Structures are given as structure tokens and as C-alpha cells.
Amino acid sequence: MRDGTGRWGRVLVLGGTSELGLAVVDALDLQPRAEVLLAGRDLDALAAAPLPDGVRRTCLHWDATSPGAAAAVTDAATQGGDLDLVVAAAGILGLGAHEDAGLAAEVLMTNTAGLIEALVTLAGRLRSQRHGTVVVLSSVAAVRPRRSNYVYGASKAGLDAFAQGLADDLHSTGVRVLVVRPGFVHGRMTAGLPAAPMATSPEDVGRAVRLALDRGRSTVWVPAALRWVAPVLTFVPRPIWRRLDL
Amino acid sequence: MARLSGWGRTTSSLCDDERVSATDAAAALASAGARGLLVRGSGCSYGDAALNTGGTALTLAPEDPTVHPHGVVVAGAGTSFETLLRTTLPTGWTLPVLPGTRHLTLGGAIAADVHGKNHLQDGSIAAWLDEVVLLDGAGRRWVTRPGDPEFAATVGGMGLTGMILGATLRLLPAEGTQLEVSNQRLPDLDQVMAALDVAARRSRYAVAWVDAFARGRGVVSEARWTGSPCRRSYAPAQHLVAPPVPLSVVTPLTARAFNAAWWRLPGHERTSVTTLTSFFHPLDGVRQWNRLYGPRGFLQYQFVVPDGAAHLVGDALGELTAAGGAPFLGVLKRFGDASEGLLSFPRPGWSLAVDLPPTPGLGAVLDGLDTRVAAAGGAVYLAKDARLSAELFEDMYPRVKEWRDVQTRLDPEGLFRSDLDRRLGLVRRA
Ligand SMILES: Cc1cc2nc3c(=O)[nH]c(=O)nc-3n(C[C@H](O)[C@H](O)[C@H](O)COP(=O)(O)OP(=O)(O)OC[C@H]3O[C@@H](n4cnc5c(N)ncnc54)[C@H](O)[C@@H]3O)c2cc1C
Ligand SMILES: NC(=O)c1ccc[n+]([C@@H]2O[C@H](COP(=O)([O-])OP(=O)(O)OC[C@H]3O[C@@H](n4cnc5c(N)ncnc54)[C@H](OP(=O)(O)O)[C@@H]3O)[C@@H](O)[C@H]2O)c1
Chain X
1 MRDGTGRWGR
11 VLVLGGTSEL
21 GLAVVDALDL
31 QPRAEVLLAG
41 RDLDALAAAP
51 LPDGVRRTCL
61 HWDATSPGAA
71 AAVTDAATQG
81 GDLDLVVAAA
91 GILGLGAHED
101 AGLAAEVLMT
111 NTAGLIEALV
121 TLAGRLRSQR
131 HGTVVVLSSV
141 AAVRPRRSNY
151 VYGASKAGLD
161 AFAQGLADDL
171 HSTGVRVLVV
181 RPGFVHGRMT
191 AGLPAAPMAT
201 SPEDVGRAVR
211 LALDRGRSTV
221 WVPAALRWVA
231 PVLTFVPRPI
241 WRRLDL
Chain D
1 MARLSGWGRT
11 TSSLCDDERV
21 SATDAAAALA
31 SAGARGLLVR
41 GSGCSYGDAA
51 LNTGGTALTL
61 APEDPTVHPH
71 GVVVAGAGTS
81 FETLLRTTLP
91 TGWTLPVLPG
101 TRHLTLGGAI
111 AADVHGKNHL
121 QDGSIAAWLD
131 EVVLLDGAGR
141 RWVTRPGDPE
151 FAATVGGMGL
161 TGMILGATLR
171 LLPAEGTQLE
181 VSNQRLPDLD
191 QVMAALDVAA
201 RRSRYAVAWV
211 DAFARGRGVV
221 SEARWTGSPC
231 RRSYAPAQHL
241 VAPPVPLSVV
251 TPLTARAFNA
261 AWWRLPGHER
271 TSVTTLTSFF
281 HPLDGVRQWN
291 RLYGPRGFLQ
301 YQFVVPDGAA
311 HLVGDALGEL
321 TAAGGAPFLG
331 VLKRFGDASE
341 GLLSFPRPGW
351 SLAVDLPPTP
361 GLGAVLDGLD
371 TRVAAAGGAV
381 YLAKDARLSA
391 ELFEDMYPRV
401 KEWRDVQTRL
411 DPEGLFRSDL
421 DRRLGLVRRA
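Heads up: the sequence lines are chains X and D, in that order.
The numbering of the first sequence is our numbering, which starts it at 1 and goes up by one.
The numbering of the second sequence is our numbering, which starts it at 1 and goes up by one.
Pulled out of the complex, with its shape left as it was, chain D reads as follows (with noise of 0.2 Å):
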């Protein structure tokens, strides 16, 4: 048994975990107790998506992932961004979506339909995936590819329509070495959603920092590749690491100093050029940076609403701050086209990721936000969610219901649980 808990901290979980080989995957679905299993990537998501309490969470091993000449990487469900930029960068691939961590697995970001700062062009990974090769609880082994109903199951399905082996995956040339980034500074919502949208069309790579404290003023960064075609090797620094503290160092009075900081930081101003890490992964910089948040852990409230309700951007900020919270930067996108995936979280609009540490009331706030976000058409998303109720869940994915039909084939004996599922009612149980 470990403690184990996701990338907030909120909740911390007893699993029985166990590290398997891909190859000995099959022989684990048959030790599964009484309280199933679930296979748990790095433990990025932020909530309960890779909790499985009393449960068996099983991690796969890395394995050397293999890329071809024509932008093709065959990989291992546990392999991380990391190995796989360190494999792909030096032959001129990159990965087509960056999440803003590189410590994600392969089989992580499939079961999340990851999606980047490059979604309105180039939309999550879904659109990338040639093959995923999926382990069903029968014991069956998938390869299923785009189209056929287990890949929109499995792309999105949280880790509960079995286990994901592997997956072939499409690379985009690294048509440079670096990114040339150019930063505008803006001094309300209005504005820095103007100029995202704008940003977004014009460049590949497209996001805002906006500061809840001050009318959603922001910083515009849009990026795209530069300097020769990238040859290069991988190799991201890592200098600090977090402490343990007894008390979270984010209040809202800290929240609104950094904010304020960082929005006059001068190179927001002006174009530059940087590195991947600095540019998609800056958090990185800080191994364990989770634990500034204290032993009570931080939320993340990431949800994404159709250009029809962009006003809930605003309103969720204000309200917010009003409710006496600490938002730390949000971090605004603009989506494009909804993949396959029958649960994924991207659609066309906006959308906002906003950390929060667990302050009194903020309880209330959010669940009067999820219903407006769910009465939008838009919805939270799960990978980073440790609060949502079952019945807004259903309003925001209406296609759970497909999903369900295709779950309960490939599991038929509800051997995959999680504690996500548990909390939403996700799989359909006799």
C-alpha cells in the first residue's frame, strides 16, 4: 500500500501500487481485487482522475520509444514527453501537443486527450494518434485506430476502458531550434481575449497569462518555431526544487503581489527568442512546486465554454476574487474543433485553468460555475478535476452515454475504477 495523491494534493489515496511491464500486463488484470484497478501514468492530473483508494493502481514501465524517418513515433504507454522529446528532437520531430508539463506519460495523455497552446490549429492529441494499442478488461488486446468506436472510448476515457499498451503517434517537423515568442501586455479581459483570439490565428503556438485581481489584465505570448530545423538534443535543466512548507505560501494577498509582478515583467513587451522548456514546460523549472501550496494541496479549475458564453471568463475571475480566493495566474487558450473522443474535454471556444488554493467558500463558487459553464454547453475538465458533481458532469458530456455502451464491452466485469469514477458515476454499474 502507498500513499499516493494527484498533482494538487487535495486528497491523498491508499492504492496497493505496482510498477508491470507492458508485457506482463495481462497477468495484472487477473490479480485485480475487489476494488478493480487503474493504471496511473506520472500522476500530473491534478485530482482523482489517477486514484484508485483500496484499489490497485498500476504504473507500466518506460520503454525505448522508436521513430521513423517519415515523423512517426512507436512508443510505450509509460514513456514520458520527456523521453519522447529526448528521442524524437535529435532526428527533427517534435511532439505535435506540448502540455504545460513534460513529466506526462504517453498512456497519461491519451486517456486526457491532452491538448496544448497550439489547439485551435492543430487541435489534441486525438488528431495525432495513427494506432492506440488498448488491453481491454476481458483480456483482449485493441489496436484501435481513429474511427473505430474503442479509440473514442479510450482517447479521453480516463484510464477506465482498460489498459493502454501503447500508440503510434504522428510528429510535426521542429522547424527550428527555438521558439521566437512575442509578448503583448494588456490591460483588461477584453483586450487580451481580442488579441489571443487574433494571436492564436496568426501563430501556432497561442496563450495568455491573465491576472484575476485586476480586471483580467494579461499578457498575450504567441510563438512559433525558429533558427535552423531543429538537429538537436534534449536536454531541459532542472535547478530548484520546492520545499516542503507547513502552510501555503499562495494567499491572496501573495497571489495579487506575484500577479502584479509578473505582469510588469519587462520582457512582456517584447518579442525574444527561448528555449521549448522555457516557453512550454516553465513550471518544470521547479521540481515539486505543488508543495508551495502547503499539506492542504491547491484545486485547479480548468474549464472551456463556446464564444457564445466567452462572459463566463470574465465572470469566473471576478467571482473569484470577490469570494475572497487566491487565483494564481489564469492561464486562458483558445480551442478549436472537438475531437473524436467521446469524453474529451476540448471544443471550439474559450478556455480558462485558473490554481486555487482550498479557501473557505470557494466550494460554493465553483459549483455556481460549473452549472453556468454546464447550462453553456461547455464543461470542466476531468484530468484536472477533484470536485465536480455527478449531474453536471452529464451535462457536460452528453456523450457519456456513448461511451458508456463501448465501456461496458471492452469491461465488462468493472475491473477498471478510479476514484474519479467513483465520485462521478462514470461507468454505468448493475
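The shape of chain X in the complex, shown without the other chains (with noise of 0.2 Å):
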């Protein structure tokens, strides 16, 4: 549970060695002996993961992809108390995914159908505690897809609806929910792509998600200006946005 001065108690990142979702952790005020638990599909990465000093590690077998392997974390990440906060961070680009049909089925297993399902069953936990408080790592790509990596956009758009319906379904349970939706960030995932305009690092997106759980918002984009520039971009008329090369 936060503390009297707000620090986090309990946090568990989905997507443990996520480069975005450790950057948050960092940012983040944590008890001097916080647990974070890192949940992800390679236990040697994700014990070696950098962590604040301090802290205390659990990592937690999880495959977004395999069955029964949310209900398995969710047990697991619940036994030792309380979760004060869950970062939804894994997620796979599947750069082709729309000329791979397996691919494409992977991103959607990963980033929507497994991630959604592991919220799910996460959210009920939180529900019962009556308090903690969930982001989820979504993307400008839910908002305007790009031509390059349109099923990935499709996989955030899903995961964005889900968030969002989330948020209004526990409102005035005590848990709240931040969707985050960063444009380019430069990191591991986008490792030799070509930046985009107002491409932003991993510690800006801590510091935003931050911030942001300080204010108590609801959504956050990284950078800020993108909440006034995406919207924008879905009114780009359809011949021009097929021509800008994005």
C-alpha cells in the first residue's frame, strides 16, 4: 500500500525486463524495501534486470502467450500482499506482422489477447483490495496506425479500448488505472528504426508516468504535445496519410 508520503509499497511489472516499464519503476518514489516483482518469459533477464537499490526482486514466470499463464502470475504476484501497482509493459513490435499471418497472430496473442488477460484477472485482485492503481503502456499507434506496423496498431488500439473500459468500470473502487500513450521512443524495441518526429528516451516516459500517477490523471502522452498532435493526425485525409511516409 502507499505510505503516508505516498511511496509505492508493491509493484509488479508485466514485461519485466520492459526497457519503458523499468525506466517507470525508476522514476517512481519507492518504499526504502519496496518488492518489485518482474513477470516475464526469461528468468535470467529478468534477474539481472537493473532495479533501484534496495529494492527487493521476485521475478515471476509469464508468457503473455501461453494459456492459464495469467491466473498462475496473478496468484503468484498476490501471495505475498497487497500489489499497489501494476505496470502493463510487455509488448512485441512484430515489425511485418502484415505480410506474416503467424506474426501478426503473435503480436495480437501478446500485446492484446494476453496482456488483456492477464489485466483481467489482475484487476479483480485489485478490485477486492480496493486500492492500487494500474498503467498500461499503450501507444500513439492506437490512436492513428501507420502503414509500416499496422497490426501492431491494431493490437494497441485493442489493448488502449480494454484500458480505457477498465478505468470507468472500477471507478469508485479505489483502484485507478493510467494509460500511457508514448510516440517513438528510442530504446531496444525501436533499435535501428528510423526516429520519428518528437521521438522521446525511456527516463522521459518514467518521469511523465510519474508525474502523471502524482496528479492522479487518467491518460498521459509522452511527449505531452502528442495528446494535442494525434488527435490531429486521425483527421489527416486518408490519400495524404497514405503518402506520408510513416
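Don't read these hints as lab results, they were simulated from the structure.
Just so you know, these numbers come straight off a predicted model, no measurement behind them.
Backbone N, C-alpha and C define an ideal beta-carbon position, used for all residues, glycine too.
Check before you lean on any hint, since a few could be wrong.
[Unchecked claim] Derived contacts from chain X toward chain D, CB cut-off under 8 Å, selection only:
no., residue
1, M1
2, T5
3, P32
4, E35
5, R130
6, T234
Taking the hints as your guide, dock the two standalone chains into a single complex.
Rendered as C-alpha cells:
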């Protein structure tokens, strides 16, 4: 439970090696002996993921694409106490998925189906705790899919719609949801890709999420200006949008 | 579901709040859900002691207390100190322990083993209890007495051994209708502490207010009952209600100015005669004064350290101001022997309490102080706390191991839960 100075006690990161997920953890004001639970596929990588000094690390096996994983990770994560924060950071970009049916399915199974399954299960626990916060890493791509990776856009649009609905559903239960919509973030996921305009760093995302949490926001765009730019993009006429090489 | 918070209003919590009479208390046990239940008094604890997020927070209906002529009161746990005083004072008796508010309940006073300005001479409330009636987690009704393990676990046990239904409390003769208060204004902390030490031995009641912004200069007040023996009614006046404010009015600037003005008050260098309310419950004069800290609330940091670590009082004041904090008047008390309560806070030494708005970086300063308080054999007061860590709690309360043995016997199913318990891991869970 957050303490009297607002510090977090138990934090679960779905996609425990995610650069953005770890940047969020790094930006948070944590209790000196907070427990950070990292859930993901590769236990060795989770054990090596960088965490702030002093925090206790727990690694949990979770593969978004395997059936039954949601229930198992939820049980494991709530065994040691209440969860104060869940950061849903798992995701794959799946470049070329629009030409590869197998990859397209994997993108949707990871970013959408698997994550939603986990969040449904976890939200049930948070609801009975009557406190807690869920941070969902969506993307600008959810609002305006790009021609180069619209399967990813579709997967994020599904996740984003789910997160908005979850926020409404949990309203007045004591549980809050924050939807994060970063644009292009320099990092592992985007390595080798040409940077889009208004690119940011994982640290920028971490800081923005922390600020939004402190202010009790339900949506945050990174950078903040995207909040105005992204909706404008959705009004760009299709013929022009198609010709923009995004 | 209701949104409840502690007196400091730093955290709010959704709990099922229910009010039951002591006779229906057993039925309430059966209705406890997965998040357990807790009895809440008046919510005068500052942090999360009286919160049970997602679970039930019961309050017990007050009952009319009975005063016996030999100076004993029998009362229900839901009865407030205000009601108790209204009943006892006209018969010539007063309560042996008077914390800084009259709104707390007898149950809350027992669960926190509260102390007053007379701890050095009279101890905490544990020393004045003849019996505590407890309904434990298995539905058993205990009449516990000093010397019983169930008594030692319940007094100071923060509501986790069961529901305190009522108690028999010995009273103190009200030797007068009013208090004769002598004040001394002193220029630095060393002199304040020396004067308080003398005052606490000389007079039943003694306390010091210290200004953290000015080397701990302060005012030492001592008091004793005066006037003809009291046989009069108790009618505390209450005039003002603090408005809700959008931002804390307590900032480093205003706290500094207030502390300085307080120090200069002309009354602070002479002897005067005053009422019980203005000496014991000055803050109760403004209802809901806690709202002045704005929507983010405030913390109270209260610790006790043995005489050998008295320097921690000055260190704390210095570090809190250096870190840009806004410590409002610090309250310094002298403590005497510990009670038998296994989780009781008071122990011989010095106690300092400061109110603090949650400024950035405050958490780290307090963590550092916690470590040194724990290493010195001191403790942070759970009834005020909202942020101590589980690890340091164990060091500060070494008798928690004994407490857990009794607690698991009294509540084998783990029905009683609180947010304080979740944060500090008080109760041992399988
Ligand atoms: C202005 C102010 C001044 C204060 N000054 C002092 C002081 O000088 N000395 C001091 O010692 N304290 C002081 N306090 C703290 C206060 O006395 C304690 O926090 C006390 O426990 C509050 O009692 P309450 O009835 O409001 O209980 P709550 O705050 O509602 O609950 C406190 C604890 O008691 C438990 N509890 C309450 N009723 C029962 C019951 N019937 N059965 C089992 N458990 C129960 C709760 O579960 C919780 O753990 C002060 C508080 C304020 C607001
Ligand atoms: N980077 C950007 O530009 C950007 C922009 C907008 C939104 N986002 C979103 O932000 C989130 C985090 O991105 P990031 O930049 O931190 O990427 P990242 O470093 O590549 O992290 C992605 C995480 O997802 C995990 N993951 C992938 N498939 C999984 C599966 N089947 N089961 C469990 N975990 C799986 C990865 O674990 P492994 O270690 O096992 O691979 C990794 O921990 C993603 O949802 C992403 O879509 C990123």
C-alpha cells in the first residue's frame, strides 16, 4: 500500500525486462524496502534487470501467449501481499506482421489477448483490495496506426480500448488506471528504426508516468504535445496519410 | 463503503463502515469477509492504524459510563474521553491519562496504550486499567487483567487481538477545578530539556513546545490542579471550525512565523490559572484543524529515545528544517517506565512529536531518523505512524515476538486486519 508520504510498496511489472517498464520503476518514489515483482519469459534476464538500490526483487515466470499464465502470475504476485501498482509493459513490435500471418497472431496474442487476460485477472484482485493502480503502456499507434506496422497499431488499439473501459469499470472502487501513450521512444524496441518526430527516451516516459500518477491523471501522452498532435493526425485525409512515409 | 482516513489525512481508504452495539459485536465477527475486520474508534490516530482498506471498519456505539464512588469508571469501548470526563468530573474524579484530544475513545486509548503529559509520574493508560473486556477472533469473551498475557497483548495491541468491548479504569481525584500552569521561556534546546526534566519531576503535568527553526528554543509548561476540589460539570467550548483549503497553509515560511510568534506570546513567561481544556486539549478548540494542511494532509512523527540518545531530539529538529521541511511546533515530553503492553510505545526517555506537511525528500529524512531511533533502542509511535518500514518496526518493538504468540492464539483465523498491519507485517500469517 502507498505509505503516508505517497511511496509505493509492491509493484508488479508485466514484461519485467521492458525498458519502459523499468524506467517507470526507476522514476517512482519507492519505499526503502519496496518489493518489485518482475514477470516475464526469461528468468535469467529478469534476475539481471536493473532495479533501484535497496528494493527487493521477485522474478515470476509469465508468458503472455501461454494459456493459464494469467491466473498463475496473479496468484504468485498477490501471495506476498497487496499490489500497489501493476505496470503492463509487455509488447512486441512485430515488424512485417502485416505480411506474416503467424507473426500477426503473435503480436495480437502478446500485446492484446495475453495482456488483457492478465489484466482482467489482476483487476479482480485489485478490486477486492479496494486500492491499487494499473499503468497500461499503450501507444500513439493505437490512435493513428501507421502503414508500416498497422498490426501493432491494431493490437495497441485493442489494448487501449480495454484500458479505457477498465478505468471506467473500476471507477469508485478505489482502483485507478493510467493509460500511457508514448510516441517514438529510443530504445531496444525501436533500435535500428529511423526516429519519428518528437522522439523521447525511456527516462522521459518514466518521469511523465510518475508525474501523471502523482497528479491522479487517467491518460498521459509522451511527449505531452502528442495529446494535441495525435488527434490531428486522425483527421489527416487518407490519401495524404497514405503518402506520408510513416 | 465509505472513504475513511486517519487524522493526518495523508491516505484515504475505502472500508465498509458499520456501527454496532457491544451486544451485537459477536454477530459482526461472523460477517467478516476476506479482507477482515477492525474496530475503529474516533479515527484520531494519524496514519493507517484505524483503516482496513477493502475490509470492514466497525465502530462501537457509545454507552453511558458508570462511576463508582471509590474512583473507578466502568465504560464501553466506544465511549469518548469527552463523555467520560462529563461523567467523572462532577463526581470529583478525572481521567488518569489525558492525551491531546478529548475525542478519542476508550477502546482507541487502550489499543494504543496512550500517554499524557504525566507519563513520568503516572505511566500510560495500561497502569490504570483494572480490567479490559475483549471479544477475540474466535468469538471468546475475555475479562483480562494486568499480569495476563491477553492483557499485555491487547493494551497497545492496535486492535489486532480482537474487539475491546469495555474496560474498568481507575480514576484520579480531581484535586481542583482548574490548573495552575507555570511557563518558562528558554532560548535553546539544551535549556528546554534541562528545565523540562526538572518540571516533570516537580509537577504532575509537564510538557515543552519547541521551535525547530530556532535551535529548539521553547516554552516549558508544568501544571497542577488548583482551586477547591472539583465537583462541577465539564462543558468544553468549541467555537471555530477550520475550513477545507485547497493548499496547505503550513509551509516552511508560515511554520517559521507561527513558531516565532508562539514563542513570544506574553503568557509564556508567567504562571496563570487555566481550564482543563486549554491546558490538555488546546487543539480541540478548532474543529477539524487537520484540514488546514490541505488535500495532501500531513504526517506526525513521534518517537521516543532513551536518555543516552537524547541528542536525537536536537538532531531530528535540525534535519527536518535543513531538508526544507516545515515542522510545526514540536512537542517534547519526558517518559517514565514502560507498561506491560507488549507493543506499547512509551519507554523511559524523551519523546518528540512534530507535525509535518509531506514535502519532497521528507521520506528519506525520516527513514534516516528511524534508523537511528531504532539503533538507540527507541521507537516510533504506531498510533501516529503512516510510513515506518517493516524491518525497523521489528527493531523498535523487540517484544513483538511474544506479542505474536498471544495474538495468534486470540485470533487463530486472522480475522482482525488493518492497513498498519499490512504495512508493518504485525500479524504473522501462514
Ligand atoms: C490532536 C491529537 C492529540 C493527540 N495526543 C495524544 C497524546 O497526547 N498521547 C497519545 O498517546 N496519543 C495522542 N493522540 C493519538 C490518539 O490518542 C490515539 O491515536 C488513539 O488511539 C486514538 O483513539 P481513537 O478512539 O480515535 O482510535 P482510532 O484512531 O479510531 O484507532 C486507533 C487504534 O485503536 C484501535 N481500536 C479503537 N477502538 C478499538 C476497540 N474498541 N477494540 C479494539 N481496537 C480498537 C484501532 O483498531 C486502531 O488500531 C492524539 C491524537 C490527536 C488527533
Ligand atoms: N519503445 C517505443 O518506442 C514504444 C512506444 C510506444 C509504446 N511502447 C510500448 O511500451 C511497452 C514497453 O516497450 P519497451 O520499449 O520497453 O520494449 P522492450 O524493452 O522490448 O520490452 C518489451 C517487453 O515485453 C516482453 N514480452 C514480449 N513478449 C512477451 C511474452 N509473450 N510474454 C511475456 N513478456 C513478453 C519482453 O520480454 P522478453 O525479455 O522476454 O522479450 C520485454 O520485457 C510495449 O508495450 C510497447 O509496445 C513502446
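Each hint, compared with the structure:
no.	hint	in the structure
1	M1	holds, 6 Å
2	T5	holds, 4 Å
3	P32	holds, 5 Å
4	E35	violated, 11 Å
5	R130	holds, 4 Å
6	T234	violated, 36 Å
Against the hints set out earlier in the document, violations occur for numbers 4 and 6.
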